[in-house]
Structures are given as structure tokens and as C-alpha cells.
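Going line by line, the protein sequences match chains A and B.
The numbering of the first sequence is this note's numbering, which starts it at 22 and goes up by one.
The numbering of the second sequence is this note's numbering, which starts it at 24 and goes up by one.
Worth flagging that the hints you see were computed from the coordinates, not collected in a lab.
Check the hints yourself; a few may be wrong.
Said to hold, decoys possible - For each label pair, taking beta carbons as the anchor points, the in silico distance ranges come out as:
(1) K134/A with V300/B: 55 to 63 Å
(2) E206/A with A403/B: 32 to 40 Å
(3) V41/A with A403/B: 54 to 62 Å
(4) W32/B with E143/A: 16 to 24 Å
(5) K210/A with L43/B: 41 to 49 Å
Positions of the beta carbon are idealized from the N, C-alpha and C atoms, including for glycine.
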Amino acid sequence: MFQEPVIRIQNLSHYYGQGVLRKQILFDINLNIYPGEIVLMTGPSGSGKTTLISLIGALRSAQYGSLNVLGQELVRASQSALVKIRRKAGYIFQAHNLLSFLTAQQNVEMAIKLQAHPRHVERQAQNILKAVGLGHRFHYYPDNLSGGQKQRVAIARALVNMPKLVLADEPTAALDKQSGRDVVEIMQKLAKEQGSTIVLVTHDNRILDIADRIVQIEDGYLFTSDPLQQSAKSLKQSS
Amino acid sequence: MKTRLPIAWLQLKHEKTRLLVAIFGISFAVVLMFMQLGFRSALFESAVGMHSSLQGEIVLISPRSVALIAMKPFTERRLYQAAAVDGVESVSPIYVEPAIWKNPTNPSKTRNIRVYGIKPSDRVFNLPGISENIEFLKQPDVVLFDRGSRKEFGPVVKLFQQNKSVTTEVEVRNITVVGLFQLGVTFGSDGTLVTSDLNFLRIFAERRHSGLIDIGLIKLKPGVEVAPVLATLRAVLPKDVQVLSKQEYKDFEVNYWNGSTPIGFTFTLGVVMGFLVGTIIVYQILYTDVADHLSEYATLKAIGYRDSYFLSLVFQSALILASLGFLPGFAIAWSAYGLTRSSTLLPLFMQVDRSLFVLILTMIMCFISGAIAIRKLQQADPADVL
């Protein structure tokens, strides 16, 4: 517990829109996530969970407060800093976001090519696809894959570069109970093997048991925070 | 970043119908540009058909001559003065006048025809049929007829090939066609005769004894530089005659049609309009193509690809679409040229420099359109474009 957090968020706020239409989405978020944790973010629709995870993944530019991911400060960071974080984190999108004109294998290869010195690109892609149970689907196009299979390709793409941080935005949203379960268990297994940290946004109650910690977001406010603070609080209470 | 996967190509060929529509649209723009450029070029080529055929390096005309359709004659003494200048091998006079031609098979129908008068012993026009038939012009009241004249002059070529001679009236003189040559129509005239200087003066009685000619052709000795002789002639000859190089004479004629008549303006406007329409079509196609794939590009941006990667993707797409659209457009334009040639007799030919110009322009238009479309991706957070 006394390690450097993988994600350190302090007083993070975020706004949408400009001028008269400006709306605050996140209010003063404070959160630390430590290496190896599996953290679930839950909350109703519109609560700001997708916004928060997209800020962490550098898919959005953070402007107010402090957001430190894998040692890089993201608030008002340069383009190249954002690109670095995007490559270091494995992101699984809400809608799998596979490229329709590429096969499963080619979709995964797109991530592999971001490595500094990619080697054995095809083999890397095929290995990870086998690991997610798609060994017979290398050359299938997304149109010919089921929802669960597409999501597994997305997981393969996100994990192939063995990122230290895995961010998943509602990965089970469009899936039935079994597929959803499978998908999350694959993520958990691979991440544990690679020693990665997982942050998972969901409002699927069926998968809450995989979490080390659950944080709740409602109307842009975060409830439940640092386990360190929790321990300190209970220490204080007991004394 | 090297891409082993040809992403741009894979993206394009994944939606075949869309690709075909895009190629069709670009082909159309290509054909449009080829036709407009071609017409304009053919106009200028046809206007200087005779000029290009001149077998000499320097030309004398009156400073009051405007174009072939409005020549003012000048004294032939100037031409013989020029003959004395260093570097000049020979000189030759050319007469030009429009005349009334009676249709041989239907004499009540007449039409304006252009008549050139040249010395049969000189080599003046390098046109197919002239050198072969020039000897015949030593006879009285004979002419050579341009095969490229419009059919409104009568079935002269057919008759000639059947009977070996065609007789009719030019101005008020009976003449006989004793041979054919090839020149072609131009905006100033759609029929031409070539005859000897003596026959010319027989036809145009008012030109006799005047000692006035319309064009003076000057041939230089082999190996002599044109510029110094031009300068000498301009210094030696008085201002009642204009000294031009062959190219300057061609430009002189072209500039008249380009600048002083509605024709030049109309065709230039046609080129501009063609290019505008072509640009708009191409812009629409490329812009829509890139914009529709923007969310896919955004996904790639979100996983860590840089903006420069997408610019190179757009460049590749532009290259592919431009090339694929160019080929059918080129083929269609080629056959359209042939069709136009046979119906209008205008010298409309495909040229390498024009083809390259249209190809490169199409590629540039494609790239700029795509680059404009991709700006949205570059300016926004990937999360907003997904």
C-alpha cells in the first residue's frame, strides 16, 4: 500500500461546452489507484464515469486540477505527452471500435505496430487472439463476429502491448451474462499475468465481484476513495 | 512509422460500391477538364495551322494586319530588301484573300473560302499534298483544295477522286481543282484553297499591278541564328512592315483570337468553369470519404497514432482515388476527342503534358480535400470524434 500510485488524481474538474452552455461534469475528483489493483467505477448514466476514464486515458485533455498517470502529468500536457500515455495504456472502448475493414488479426496488429521495435507482428497478434479464445477467428472481419467475440478482439488489441494500465469503458454493455463474464475474466487473468492495473467503468452488477475496490460516481462527484485514507480513518477511530 | 498493412487501400476496397461511385465522380471531373483544355488547345492549334506549316524562320506582315481574317497588304519591295540581309537564303511572297466559292454541284449555294497565292517554284507550306501537287499550279486558273474543308463547300473530294477534276467559280472566275491537300478548319475560315501567285492575281483582279503582298516568308541559311537576323531586319526595314519570328507570328494570331474576340474569353471561361466543377466534385468525394471514416481514425488516434499518420493516410487515399479515377476519365476523354475530331474537323489531340497536368491536378485536389476533412480529427480530442 505504500507504493507510488499508478494514477494520482487531485482536485480534478472538467467542463463541457463553452460560454452560456458550459456545464461542469466532474467536481473536484480526488482518487489514487495503486499498481495491480482492479478498480471498478460505477454510477448511473451521465454521472461522468466515461468522462473520467477518458481523461485518465488521455482521450480528452484535462484542464483543471492535477491528473498524474504512470508518472506523467496530463493537465495541460503537450500533444506528445498525450500520445505517450495513449500508447502506454490499453484502452477498451464502450463500443468495441474495431476497424471494419480489417480482420481480427489486423486490428490487433494495428496496436502492435505502435511498439518501439515491433517484431514478429503476426505471431504476437495470433498469440494474444488465441489467449482470448479466438484462435479460429484470425481472418474474420468484425461483421462476421458476435458481440462477445468483437469485444474479445478489442481486449486482445488493448492488451497485446502488455500495458501497465488497462482502462475499460463498459466492456460488457452489449453482452449477455455469460459473454460478459467471460470477457471480464479474460481481462482479469491477462492483467494479473502481466501485473497490470485495471480501471473498469461499468454499471453491470453481475461483475462487481472481480473488483479489489469499487468507487462510485454520481453527478460528477466521487464517493469512496483512497484505501490508505480508509485505513487511516479506521486507525484513528480505533484509537 | 512504416505501415506493413496498406491501410488506405484496405479501407477503400472494403466498401466496393462506394469506391465505384467515387471513381465515377472523379472520372467525370477528369473528362470535364480534358474536354475544356482540349477545346481551347485545338482552337489555338487550328488557328495557326498554316503558320506552323511555313517553311521559313522569319515572317513579314503589315503592322496594320490584325489576323489572317483581316490582313492588310504591304509592298513586296520590303521582302526583296530583306533578301539582301546577311544570313537570308531565300524569300517568298504569300497572298491571302477571302473569296466567294460556288458549290460545284449546287451553284446557287456559295460560301466564303480562304485563298492563298504562293510561288509554285518555292517551298512555302509544309502541308500534306502541297509538294506533291505544286507543279500543277503552273497551269492557268487551277487551285488545290483543302480536304479538311467543311462539307458545305460541296462533295469536292469525292468528285475529284472520281473525275480527276472539279470545275467551279471562285469570285467571278472559272477555276479547276487539280489536287487536294490537308490543312483543316479554324475559326476564321472553314475552307481553303492554295493556288499560284499568278492564278491568285487572275482571280483577284483588283490586286493586279499593286505590287502588294500579305505575308513575306524569309528562309535563313542552314545553321544561322534567328535572333541576330531578326534584329538586323528590324533595324534595316522601315516601320511600314513588321518583322516576326515564326513563333512570334503564331503567338500574334493566337493572341488575336484569345484576346480580341469572344471566342478566346469563352473558351478560357470554359476551362475555368470546368476546373471549378471538377474541383467541387472531387472535394465532395474526398471530404465525404474522409469524414465518414473519421471515427475509425479517431480510434487509431485514441490508441496512440499521431496526426501525421492520418495525413499520410489521406495522402495515400488521394493518390489511389485520383489514379483510379484518372484512368477511365482519360480513356473516355480520348474517345471523346476522336468523336469531336471527326464531327468538327478540329485538331483535338491528346497530349502528354496535358495528361500529366490533369493527373497531377486531380491528385492535388484530392489531397487538399482530404486534408481539410482531417482537420477535424487534428483539432479535437479523439473522445469527441469517436
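Consistency of beta-carbon spacing, V300/B to K134/A, with hint 55 to 63 Å
violated, 40 Å
With 32 to 40 Å as the target window, see if E206/A and A403/B comply at their CB atoms.
Given range 32 to 40 Å: holds, Cβ gap about 35 Å.
Whether the CB-CB distance between K210/A and L43/B falls inside 41 to 49 Å:
Check passed, 46 Å falls within 41 to 49 Å.
Hint says 54 to 62 Å; check whether the CB-CB distance for V41/A and A403/B agrees.
Taking Cβ atoms as reference, V41/A and A403/B lie about 21 Å apart, which means the hint is violated.
Could one say that the CB atoms of W32/B and E143/A fall in the range 16 to 24 Å?
Cβ of W32/B to Cβ of E143/A: about 19 Å, so the range 16 to 24 Å holds.
Figure legend: structure checked against the earlier numbered hints; hints not met, in rising order: 1, 3.
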